[in-house]
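Colleague: These are the residues of each chain, in order.
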Amino acid sequence: MSLMNTLLQAADANALAGMYSKMGAALGAGLAAIGAGMGIGRIGGSAMESIARQPESVGDIRANMIVAAALIEGAVFFAIVVCLLILFI
Amino acid sequence: MKTEITDNQILNRDMAIIKKLILVVFCVFYSISSNANQGNHHDQSSNASIEEQESVEINGQKEQKHNENEAHKPSGKFAPGKMITEHIADAHDWHLWGEGDGAVSIPLPVITYTKSQGFNVFSSSQFHHGHASYLGFKLNEGGHIVWDNSEITEKIYDLSITKNVLAMFFAVLTLCMLVIGMARSYSNRKGKAPKGIHNLIEPLILFIRDDMAIPLIGKKADKFLPLLLSIFFFIFINNLFGLIPIFPGGANVTGNISITLVLALVVFITVNLNGNKYYWKHIFMPDVPVWMYIIIIPIEILGVVLKPFVLMLRLFANITAGHIIILGFFSLIFIFGAMDAKIGYMVSPLSVAFTVFMSMLELLVAFLQAFVFTLLTGVYIGMAVEEHHH
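Chains as they are written, first to last, in our numbering: chain A, 1 to 89; chain B, 1001 to 1390.
Extracted from the complex, chain A is given alone in its bound form (with noise of 0.2 Å):
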C-alpha cells in the first residue's frame, strides 16, 4: 500500500493533471509500446520462416512486411496520441 502510495504521490508533482492520469497517460503509453513489439515481433517472425523456406521471393516478403509493420504502427499511434493528450491536454 504504501508503494502505491509513494508512487501517486510522485505523480502528484502537477495538481491541474491530477494524480491518476499521469500514472495512467505513462502505464497507456508503456502498454502501447508491449502491444506493438508483440504485433510487429510476429510479423517479423514469420517473415523470416517464410524467406527460410523460400529465398527467392525475399523482395515481396519484405516489401509486405514493411506494409504490414507499418499499418500495426498506426493503431498502436493511435494509443500513444491518446496519452500525449491525457498529459498535455
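Take every hint as true, because none was put in to throw you off.
Straight-line Cα separation of at most 20 Å, SDA-like style, residue types lysine to any residue; simulated pairs:
#	chain 1	residue 1	chain 2	residue 2
1	B	K1082	A	F88
2	B	K1082	A	L84
3	A	K22	A	I34
4	B	K1115	B	Y1134
5	B	K1195	B	A1183
6	B	K1082	A	L85
7	B	K1307	A	A68
8	B	K1307	A	V81
9	B	K1307	A	V67
10	B	K1277	B	E1300
11	B	K1307	A	A75
12	B	K1307	A	V82
13	B	K1077	B	I1343
14	A	K22	B	A1079
15	B	K1082	A	C83
16	B	K1115	B	V1146
17	A	K22	B	K1082
18	A	K22	B	A1321
19	B	K1220	B	K1277
20	B	K1155	B	V1121
21	A	K22	B	I1324
22	B	K1082	A	I86
23	B	K1220	B	F1207
24	B	K1307	A	G74
25	B	K1307	A	L71
26	B	K1082	A	V81
Here are the computed distance ranges between Cβ atoms for each label pair:
#	chain 1	residue 1	chain 2	residue 2	range
27	A	R62	B	Q1117	52 to 60 Å
28	B	L1363	A	L71	19 to 27 Å
29	A	G30	B	K1223	42 to 50 Å
30	A	L31	B	D1101	42 to 50 Å
31	B	D1148	A	M38	49 to 57 Å
32	B	Y1278	A	R62	32 to 40 Å
Selected chain B positions facing chain A (Cβ under 8 Å, derived; list incomplete):
#	residue
33	V1310
34	L1368
35	V1372
36	L1375
Just so you know, the hints here were simulated from the structure itself, not pulled from any lab data. Fair warning: this is a prediction, and the values are worked out from it, not measured in the lab. Glycine included, C-beta positions come from ideal geometry on N, C-alpha and C.
Fit chain B to the supplied structure of chain A, relying on the hints for placement.
Modeller: Only chain B this time, still in chain A's reference frame:
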C-alpha cells in the same frame, strides 16, 4: 519550322530560376545579419497586400522583462518540454536562431477576419512575442490569437500565413518545379532517357502506377492516378523538408494534425463520391444473414468515417513522434549542460550520434508513411469502384 524548346534552353531557364531563388535567400540572410547588432525595433504595420508583408526583423529589444515561454529561462534552467513544444507547434513567426533578446526570427503576416472589424492584415511583430496587443488582439500562451479584452466572445477567424503555411508553400513550389519540369523534359526528350533528378522520380511514379494504382483500382486507375501521385509526393516532400534543420526546412508540416486532417478529408470525399452502388450495398445491405445486420451495419458505417480518421492519425503521430525523439536527444545535451558545462560537452558526441541514427530512421519513416498513406488511399478507392463479380 520547328518551335520546340531545346534541351539547353530548358537547362538555362531552370538554372536561372534556381539562381534567383538562391539570390533571394542570400539577400534575406544578409539583411538579417547586417541588422543583427542594432537594438532597434522597426514598426511595420500596414494593410498592404499579403505578398508584401514578409519583412525581416530582429527582436533585439532592450526591455527588462523576458518572455516567460522561452526554453532558456533567465535563471539558466532549461525546460525541455517548452523547447520541444516550440519546435513542434505552429507559430506566427519563423524563429531562425538565437535565444531571448538575441533571437532572430522572420515575422509572418497575420490575417484575421472578425464580424466587427472585417479583415485585418498586419505583421506579427506587432505582438512583440506575446507582450503587446494590437487592434484588440493578443497572442495567448499557446501562440493563438485571442481578444485582449477577455470579455469579448466574438469568433476570430485566423487566416494567417503561419510557419506551417509558408513551409507548405515552399514544398509545393519545389514539387511544382520538379514535376512540371519533368513533364516538359519528357515531352521534349521523346525516346531518350531522363536525366538528372528525373531519374529519381521516374521509378517512384512508375511504382505507384504499376504496383499500387493498377492492381488495386483496376480499370479506372488513370482517373485516380493524379490524386494518388499528388498525395504521395506532397506527403513525402513535406516529411523530408521537416527533417532539414535549416530554413526553409524544419517546419513540422505533416506533424500538424490540421494538415493531415485535410488530407484525410480529401480521401474521404473522393472515396464516397466515387462509390458505386455495390460499395453502398456492402455497407447497408451486406451478404450476411438478416439477424446480423444489427451488428454489421453500425460497424460498417463507423468504418466509413474511421478509415480516413486512422489515416490522419497514423501520419500525424509517426512524424510528430520522430521529431520529438530527435528534439529529445538534443535536449539531453542542454539538460546535462545545465548541471555542468563539461558534462554537456561530453554528452554531445553521443547525442549527435543517436540523432544521426534516428534521422536515418526518420528518412525511412518519411518515405514509408507517404507510401502507406497512398497505398491505403488506393485500397479504399479500389473498394469503392470495384465491379461486382461472384
